[in-house]
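If you read the sequences in order, they're chains D and Z.
According to the working numbering, the first sequence is numbered sequentially starting from 1.
According to the working numbering, the second sequence is numbered sequentially starting from 1.
Just so you know, the hints here were simulated from the structure itself, not pulled from any lab data.
Predicted model only: the values in this text are computed from it and were never measured.
Backbone N, C-alpha and C define an ideal beta-carbon position, used for all residues, glycine too.
Treat the hints with care, since some could be wrong.
[Stated by the list, open to error] Covered stretches of chain D (in silico footprint by chain Z; criterion: 3 or more residues with CB under 8 Å from a CB of chain Z, positions within the stretch not fixed):
no.	region
1	35-49
2	55-63
3	81-95
4	119-131
5	140-149
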Amino acid sequence: MTVLLVLQVLVGAATATLIAFSSLRAVPVLWKKLAGRDVLLVVHDTAYFAPTPNTADYYLVARRSAGEVWNPVRTSHRAMRLHLTDPHRRIRKALVDLGSMYITIDSARRGRSAQETRTEIATSVPYLIALSTCTSAAPGWPSIQFGLLRLDHQDGAEAVDMLAISDVHPTVS
Amino acid sequence: MSTPLSADQALLGVAGCLFLSSAITGTEWLRLIRSGETGRGGLLDWNVLRLRRSVLKTAALRPVDRLFLSNRMTAALVVTGVLAAFGVVLTWHTPASAVCGCIAVVYLLLMSLRFPLGRDGADQLMLVLSLAVFGYTLFPNDVSATVFAGLICADLIIGYEISGVSKFLGKPWRSGTALANILRTRCYGWPWAVNVVPPTLLALGGWAVMVFETAFITILYPSIPLGLALVTIGALFHFGCWVAMGLNGFFFTYLAAYPALIWLVFSLGG
Chain D
1 MTVLLVLQVL
11 VGAATATLIA
21 FSSLRAVPVL
31 WKKLAGRDVL
41 LVVHDTAYFA
51 PTPNTADYYL
61 VARRSAGEVW
71 NPVRTSHRAM
81 RLHLTDPHRR
91 IRKALVDLGS
101 MYITIDSARR
111 GRSAQETRTE
121 IATSVPYLIA
131 LSTCTSAAPG
141 WPSIQFGLLR
151 LDHQDGAEAV
161 DMLAISDVHP
171 TVS
Chain Z
1 MSTPLSADQA
11 LLGVAGCLFL
21 SSAITGTEWL
31 RLIRSGETGR
41 GGLLDWNVLR
51 LRRSVLKTAA
61 LRPVDRLFLS
71 NRMTAALVVT
81 GVLAAFGVVL
91 TWHTPASAVC
101 GCIAVVYLLL
111 MSLRFPLGRD
121 GADQLMLVLS
131 LAVFGYTLFP
141 NDVSATVFAG
151 LICADLIIGY
161 EISGVSKFLG
171 KPWRSGTALA
181 NILRTRCYGW
191 PWAVNVVPPT
201 LLALGGWAVM
211 VFETAFITIL
221 YPSIPLGLAL
231 VTIGALFHFG
241 CWVAMGLNGF
251 FFTYLAAYPA
261 LIWLVFSLGG
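Turn these sequences into a full structure, and let the hints guide you.
Dropping the structure here:
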């Protein structure tokens, strides 16, 4: 019984710590030091759509080579129906997460040139997951270039922004 | 004066609603696995996601890595997690409930590792709720029931406050344009509504959300009508988010925590 009580206290402390960290998360200056340790992304982010809400749609697009038309591979479009279960919401969120990752990668470059950071970016998980997804969606293409497109809807106007464009990669047939 | 809902009953309610939420999200993960999105070439392909430094550098994660490389094993994990959530309710007040609670928590942690993309705040809240329920089932008594139900309420109240205050700090929200701009997206929006609903009403809607979330802390005031009103508005708010933004997970997960809030309202008001 003592063991169970001790375990209970530990679990209670863990729960309270998680709640405390979620409060800390609201203070960017404090959270900056801890963010890297939240590898499982378990700390609850409760500042939903705040202070600046997400007002963009994201599109993973691909083409055979530079100059060709982009083809959509994944979009964050939602079917306008009430779903009890909606697996596609994970894909929509994954695209938003990818967009956020690219924005973070871009700001982390800190004025370094694209050439300098090329290898770093090309071996990052967001780049590799986007490349893998696009390659799989376009069988038979001799080469592939992907892009992550952001369509922002601010006050009725639509602003298109290419968050990332990859190199042209030869594919293995 | 006794309250109509004890802390123990509230936590059982939380556990029951958590099972429902877990069943819904579990079904979604299983459908994603079946669709191939978690396999080779999918957006949630573990063959790529495992290349994160945090996974590669941690030797203890190698058995888990092997588990996730198999979609069948991942699906089995999902089913186990959902059944564990059901087991917590079914075996309430027995040692088996704590075992199931532990499995449910481990399941959620493993899912956090498996899916660094695509998870959201509802998943994070589910972990807090599951931890609280698991903690209580280890040694159920009046004191621990009060503590863990209280922790759930604290998480919700703090969460609403942070959400509300963060919105007040955001110019788009103060100017009344935030809700319209969010609803214009195809991702979390409802473009039709923006064309039909007058901008003033949308601006008022945004302000209503800010005021509700920031004022949620008044649930601590000992008034049963006020507390129940806040709980009702909260439920309607999350239902509205489901309808307008497709956020089904938030509705079921936040409502899973509401039995604890109802217990709090009656405890303070009584």
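Hint check results:
Check on the region 35-49 of chain D: 11 of its residues sit with their Cβ under 8 Å from a Cβ of chain Z, so the three-residue criterion for coverage holds. Counting residues of the region 55-63 of chain D whose beta carbon lies closer than 8 Å to any beta carbon of chain Z gives 5, which meets the minimum of three for the stated coverage. Here's how the region 81-95 of chain D fares: 13 of its residues keep a CB closer than 8 Å to some CB of chain Z, so the rule of at least three is met and the hint holds. Residues of the region 119-131 of chain D with a Cβ under 8 Å from some Cβ of chain Z number 3, which satisfies the need for three, so the listed coverage holds.
For the region 140-149 of chain D, the assignment as covered by chain Z is violated, since 0 residues bring a beta-carbon within under 8 Å of that chain's beta-carbons and 3 are needed.
Checked against the numbered hints listed earlier, the structure breaks hint 5 alone; every other hint is satisfied.
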